[in-house]
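Could you use the hints to bring the two separately framed chains together as a complex?
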Amino acid sequence: MSDDHDDSPIAAQVRDLEALLEAKGLIDPRELDQVLEAFAAKASPANGFRVVARAWVDEGFRERLLAGANDALPELGLSMGGGLQPQVLHVVENTEDVHNVIVCTLCSCYPLSLLGPSPTWYKSTAYRSAVVSRPREVLEQFGFDLPQDTQIRVWDANAESRYMVLPRRPDGTDELTEAELAALVTRNGLIGTAAV
Amino acid sequence: MPRTNDVGGLDGFGPVVEELDEPPFHHDWEAHVMAMNRALIGRRIYNLDEFRDAVERTMSHESSYYENWFRAIRTLLKEKGVV
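Protein chains in written order, with my numbering: chain A, 1 to 196; chain B, 1001 to 1083.
With the rest of the complex left out, here is chain B (with noise of 0.2 Å):
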């Protein structure tokens, strides 16, 4: 069965909306998700395979980009008995 993120073909997500001028981060805590995610992966804590498979696990189509890469973050730690 196809997980969640794969979305390819599939209809009934809307119009794409293009955010004109956007920044990179819409929130101060979105640049420290993804700062903290590159400092794990490059002490190793866990690797990219896994983050991207911890992303495409839990992740919700209700959640922001970023809630859903703190997610797969936090269930990571959890995982690994880090946190």
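Just chain A, same shape as in the assembly (with noise of 0.2 Å):
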């Protein structure tokens, strides 16, 4: 962990309770190494965009994938079970007539190790309320057009689930390698505010 310049108040009360800790022995400072180093490991969103791909080209993971995403992952050397307790994770597939969204209207759940870190507007108060009641709109704000008759679901994560949407291939990608594939598709197109 860097050294904490940082003298706004907050970051003072955090080195202070941490010093406590550590006097107490009830954390060390290695172990808060540890933790950060295994989140930056393990919590990238380069793991969804694995996952999307081997979807788009082999059939059959995708049918295991819709059907049970935690038993699917180990074929790609990931898991959900990383976390501080298991997860099951959900995969929601886009189609030509439904678009699905990811959102945890109480707080903050996402899931991390295939996404990566989830940003400060997935947390924020003004997603998490609005995209429920009119995800049309939000997904405007990202820039994202739906047409009109497309259906959009909203998928509302809680402490032992997790969803992540498998965005729909893109026409012409028929010559794209499954690497190439994985290239194309964003953290937005994971948490569905963008098509891909």
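Restraint ranges, calculated between C-beta atoms of paired labels, are given here:
| hint | chain 1 | residue 1 | chain 2 | residue 2 | range |
| --- | --- | --- | --- | --- | --- |
| 1 | B | Ser1060 | A | Gln151 | 35 to 43 Å |
| 2 | A | Glu180 | B | Pro1002 | 45 to 53 Å |
| 3 | A | Pro29 | B | Glu1050 | 20 to 28 Å |
| 4 | B | Pro1023 | A | Phe142 | 14 to 22 Å |
| 5 | B | Thr1075 | A | Glu96 | 46 to 54 Å |
| 6 | B | Phe1013 | A | Arg64 | 36 to 44 Å |
| 7 | B | Val1082 | A | Glu63 | 45 to 53 Å |
| 8 | B | Ser1060 | A | Glu93 | 36 to 44 Å |
I should point out that these hints are in silico values taken from the structure, not numbers from a laboratory. Even glycine gets a Cβ: it sits at the ideal position worked out from N, Cα and C.
Below, the structure is given as structure tokens:
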């Protein structure tokens, strides 16, 4: 962990509490470093991009992923068991008629291991309050206009479950390799605030 | 009565603002708060459900995400007589 030269009141309060817990033997600075290193190493949207690309090229994997994502992820060396408690992952597939969006209205539940650290907007009251009642308006704030006849489904995560969107494979990508397809996917595409 | 954090469907929180190329943490202390929380849960000082409950009952919409986390951690440590 880098040295903390932040002099704001909260930074000082955090330092004080950390020192107190350390003095009581309840935390170990090396352990905190390890926690952060593990977090940075495991939580990456590149994992989600790989899952999507595999589902696009491998029909059998796609079906297994949609039927039970926790059982399909190990095929790519991934799992939902890396966090503080195991989570059930539901992968929801976009089609010509249905577009999916994920949210955690209560707080910030998010598939970190597949999408990386969550953006502040995902945790904001602005997103959490509005996307369930006015999803089309929220998507427009991301510059994403869906056809009026596309149905939008919003999935609200909770303590035991997580959601990830499987975007539609873009047209004209038949010749691309799996790695090239993965490079087309974006974090917002996995949340549903972008098409891919 | 719904808790403060239960905002689904409410109006009045303004537009969603996206920060491009946002870093995982905006300040070093935020990373410390995250790591401290994982370590305390790992040591079973409190569990994840207790933490979630503490965030929900102590959060303020005026505070940032990790400010709310820090308030919850301090509340739990105080309630459990740790500090």
